[in-house]
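Asker: Sequence:
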Amino acid sequence: MEGIEKTPAQLKKEAKKLEKLAKFQAKQEKLAGQKLDKSKPKQSKVATKAAVIHEPTLDKDGKKDVSGKMPESYSPGYVESLWYNWWETSGFFSPEYWASKECSEGPRKKFVMVIPPPNVTGNLHLGHALTNAIEDAVIRWHRMRGEITLWVPGCDHAGIATQVVVEKKLWRERQLTRHDIGREAFIEEVWKWKNEKGGNIYAQLRALGSSCDWTRASFTMDPKLSRAVTEAFVRMHEGNLIYRKERLVNWCCTLQSAISDIEVDKVELTGRTSLNVPGYAKPVVFGVLTSFAYPIADSNEELVVATTRLETMLGDTGIAVHPDDPRYKHLIGKFAVHPFAVPERRIPIVADTFVDREFGTGAVKLTPAHDPTDYEAGLRHNLPFLTCIDETGLMTKVAGQFAGMKRFDARLAVRKALEERGLYRGCVDNPMVVPVCSRTKDIIEPLLKPQWYVKCAELASRAVEEVESGRLKITPPGYMNTWYAWLRDCRDWCISRQLWWGHRIPAYLISLKSKESGEFQKLDESDENSWVIGRDEAEALSAAKTRFNITNDSDIRLNQDEDVLDTWFSSALFPFSVFGWPDDTDPDLSLYYPGNFLETGHDILFFWVARMVMAGLYLTGKLPFNQVYLHAMVRDAHGKKMSKSLGNAIDPVDVIHGISLPDLQEKLKHGNLDASELKRATAAQAKDFPKGIPECGTDALRFALVSYPTRGRSINLNILRVQGYRFFCNKLWNAARYAMYHCLGEEYKPPTSTSSLTFNNALLSGTDRWILGRLAHAVVECDAGFSTYHFPQATTACYNFWLYEFCDVYLEYSKPFVKSTQDVDPQRAEIVRHIVYTCVDFGLRLLHPFMPFVTEELFQRLPRRNPAADQPALCVTAYPSSEEVAKWMEVESSESIGFQLAFSLVHRLRSLYANYNLRVTGGDFPEVVLIAPSTTLDILHKGNFLDDLVVTLGKCKVVDMATDKNQVNTHGCIMTTVNALDARVDEATSGAEQAEGELEEVGEATQEQKIPDTDDASQQPFSSVTCQLYLRLVGHIDAVVEIERAQQRVAQIQKSISTLEETRSKPQYAEKVPQAKQALDAQKLHTLQVELSAFQDAIESLNSLLPGGTAKSHPTINSLLKLACLANKTTPESLSPELFDLQAQLEAVCLYDRSSPATNAKVKEFIALSIALLNPNGRKNDVARNFWRDYCHSRLEKGKFLFGRILGPADLVAVYVAHHLGNSVKFTTNASHLWLKNCHQYTLANGQKVCGDSVKFRRTLSRLK
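The opening residue of the sequence shown carries number 1 in UniProt numbering; numbering runs sequentially from there.
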């Protein structure tokens, strides 16, 4: 039962369990509702009673009143109300709380982080919920450790995004554009929007339980932060890092602004595709390569070029060919004549190695003013830069006869004109990437514009050095390579935006008064010397007068740049601008800068994180933080990116409180969607949420989000999983309620410490020591999970402890001690109560960072050890530490094994009851006989595990135990072998396949990859304790009825398998079906196959219970065991005597001693499947044989051998089975053929090769028998 950190696949399996639980609970609630409908008066009475119970109130001190009795059932609405306001008003979220309290251990540590400020473009979505669930868990953990913590909240003005939203709103409501109302009035409209949405966002953050210091909330357009933006621009300009230059930019004609790379969607086209473009009545065709001819000047020759943007040929100023292309060498240095230019334009033909001779015609037209590659070529060859498309997307006068046309209308007109002149040479489909504005869906037009830029080379070099030196850590570490790749090839950053909403650039264009005319004349905007920079106009005016040696203010005039700064510029300053920079007198700046931690999505590693690092190092001389954690992107259950227009962008508050489908769709109508987007989003919501979204609560939502493997690239969030964790909250509630009211009693006063719970206390039973050991393990796992940012490690530890160990085992175990007054030692009862209290106390503290509300509610109702000295709230109570539980970590090995075996017996009994449809009620428990070596029986006796666990939790009567079957009566019994690791292995393999839509952690080895690539020493026998369990079913079930039931289920499963295999075998399944769906189908097939095998085994066992029935003989595995032992360089005689039967011995020999439990579990499962194929039923089962073969194929695609990088016994077992089945199993992949060859040539421990071919292999096997 050692704790195991679950992989993404295991977490996926757990998610499926939760989803099933959610469906079951929903069904039960529906049935309950139907029953209530039959009795309306009773329904009314129940509803009235519930309203009284579930109406929380405040006590006289303004704290939630918990003096009354706990409601019988868990209600998120009841539990999560009132606590947040009390936390906030009590000052728990401010750094001053701990800073004002003395610490006996010396100065307190500080932990500071800033929130990634969400855009004020609307409500938060589940991506923001993930961010805040992680960040709040981290800040609460540090706060509970007594550290001075500060988490600064805020919002980003989001220039482009917000302006687009408000412009849409203005048009929808008043049919006005921003130009109709003017700049000042439009800015007022944006501030109205911000004040409305900013408040909503902060309310959402509070609903999520985010424990921010709201007294320090910041908005990037606040005066304090705006001052920092101006100061940063001025200082960077003075340091020669900011300059003005005319270059190509990403231009959106709809926005009439340059935009950043992150705001450009790269749409991949496979060929001819029609796209809707704003401003065009009909779709525009892209993905076509058009060829046309340029006449060569003073010659009868022509040069054919190809382009995907035919309209840009009107701005062509050159043609490039490869210098080594024999077709065009003679043309290099000559000129082509532009067919439409007036006056005549001669285009030089230049040689350049960037030309791909195989693409198109091998000749490239050059339009330096409208293409990034052509721009660079134009600079190299000193070509003219002619702009033929303007800011609005219309053709300029450079286009001659096409001037004034829309750019894509001109595309068609140019083609027609080329045809008329006989220069058109045809077109073909062409895969291409089309740049699209993410805000407006307009096609990006590269345009030459004078803009302000930041030099990034030097800044980027310092940022790279910080990561290389280890001073800045990035988690997951795989993103370090991304960091290096971006920053080592970092281009200068365009920071100008042609918008109205944002920080005006503190640059002023100079106009000088003419001495002749007296008129003011503006200087050239594209020349940086025409501009002055200043913190305000007065400072800029002083600089301008000095530059031009002017003394009279009336002789010079300044006009501030109409453009605003890129939003990322102000965001880059956020970690220190929120603390008052550049004001060195602000105490927050010296106290809380630099911070410690930055958490955000991996998609903005360069756009935000890198720029914060560069700005922090340059402007403050310090890293703004020393640890970066990058989380996955949240997608919907189908793996699609969340988007308002797709209808899958879910408001976390709707998950918390629940929402009906009509209300969900009503919210869409109040958004900024156009008619087509609204229709699509409405249909998507109706499909995904036909009954709306159920009430899940904040705690369940947070726990679900953080439980996902957040270090990957994406998370496919299923609301049913969240609802499953809501039922986990219900389990938690019921467990704590039982503990407080039925186990401890309402007058219980706990001991002031856990000093009495030491393992040398004779009153502690083996089960007592076990649960304390499991609690200690959970504490260590949580500590490790937080310390290394492996959050699923911590959530899994909490979940397993509460659900599988405390609730399922120890609470059940405790009931006879605390409920009965007869034959119970009072001291034992008190010890059990103390352990129950300790588990609840520690368990709530462990869970609090993830589930703050329900844990605070339960903790406040739990009696305190030291009421006068304890902290007033759980959120500032000490988090359990490894040192605190060190005394419980050392568990005697034999006792631990004894519990593991007993617990495995309980698991197996419950499984058998389910398989054989046996309902164990009352005291009519079935009889059990155990056969095991004397040492194993002694272990079970020593900890009293048989009475405490097997009998109590397994609901059975252990009537006999022996070391030999001949010594006991096993009539009417079915037999199964139980291994001490079975329960642990079942847990470790709760998911065999990787979660669909989720990738492995970036840059980190998975458990499958951690198998050591060493010599045979890595494959020593993995010994474990086993016993044979005989369960007497005679008299408890009708074997005939159960055989019939099992046979019906077998038929259903076989039909499902057949249907699924038919689907998977269809042509083009592998190409057309999404990978996520294929993975799901493979997992479903595997699950069905395992279930089929279990029912077939059950039928065989049931047949033995019929009159005159006998169990079918199982094929001997002596040969397999001997072969495996020779491969592992051991002998059957050297195996542990605890391995009681041949199958257990074979499994043990094949396991990898230093491998992960998950891998060993797969090995064990594989061995069981292999043996099943050797019995008569297995040989006849085509589905089983094909599944086994396909499983081998899939394993061998991942590595040279089945379960590692070196050949192991499991490989030889597989070869044995393959040869035993003959032609009925055929390996068809290259990897499997190579594997067979390697296995055949393997040298056994006796120096003999396995074989050279199939015949010799069979001879080898015959010698082993």
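Heads up, some of the hints might be wrong.
[As the list claims (entries may be wrong)] In the EDC-like style, the derived pairs of lysine to aspartate or glutamate whose C-alpha atoms are separated by at most 20 Å in a straight line are:
| # | residue 1 | residue 2 |
| --- | --- | --- |
| 1 | Lys416 | Asp429 |
| 2 | Lys109 | Glu96 |
| 3 | Lys266 | Asp603 |
| 4 | Lys449 | Asp527 |
| 5 | Lys942 | Asp960 |
| 6 | Lys224 | Asp536 |
| 7 | Lys197 | Asp222 |
| 8 | Lys455 | Glu238 |
| 9 | Lys513 | Asp489 |
[Unchecked claim] Cβ-Cβ distance ranges computed for the label pairs, FRET-style:
| # | residue 1 | residue 2 | range |
| --- | --- | --- | --- |
| 10 | Ser1065 | Lys329 | 51 to 57 Å |
| 11 | Lys329 | Lys679 | 53 to 59 Å |
| 12 | Arg471 | Ser753 | 26 to 32 Å |
| 13 | Lys679 | Ser299 | 53 to 59 Å |
By construction, these hints were calculated from the structure, which means they are not laboratory data. We put the CB at the ideal spot given by N, CA and C, even for glycine.
Asker: Does each hint hold? Answer for all of them.
Answerer: We went through each hint and held it up to the structure:
Between Lys416 and Asp429 the CA atoms are separated by roughly 19 Å; this keeps the pair inside 20 Å, and the hint holds. Our distance criterion of 20 Å between C-alpha atoms is met by Lys109 and Glu96, whose separation comes to about 13 Å. For the suggested pair Lys266 and Asp603, the alpha carbons sit about 14 Å apart, so the restraint of at most 20 Å is met. As the CA atoms of Lys449 and Asp527 are separated by approximately 12 Å, the hinted pair is consistent with the 20 Å bound.
With a C-alpha separation of about 17 Å, the suggested pair Lys942 and Asp960 falls inside the 20 Å cut-off, and the hint holds. Taking the CA atoms of Lys224 and Asp536, the gap is about 15 Å. The hint holds against a cut of 20 Å. Under the criterion of a C-alpha separation no larger than 20 Å, the hint pairing Lys197 with Asp222 is consistent with the structure, at around 16 Å. Straight-line distance between C-alpha atoms of Lys455 and Glu238 comes to about 13 Å, which keeps the hinted pair within the 20 Å bound.
A threshold of 20 Å between alpha carbons decides the hint, and for Lys513 with Asp489 the separation of about 45 Å lies outside it, so the pair is violated. Our hint of 51 to 57 Å for Ser1065 and Lys329 holds, since their Cβ atoms are close to 55 Å apart. One distance hint, 53 to 59 Å for the beta-carbon pair Lys329 and Lys679, holds here, with the actual separation near 58 Å. Under the hint 26 to 32 Å, the C-beta atoms of Arg471 and Ser753, about 41 Å apart, miss the expected range.
Take Lys679 and Ser299: their Cβ atoms lie about 58 Å apart, and the range 53 to 59 Å holds.
Consistency note: the structure conflicts with the earlier hints numbered 9, 12.
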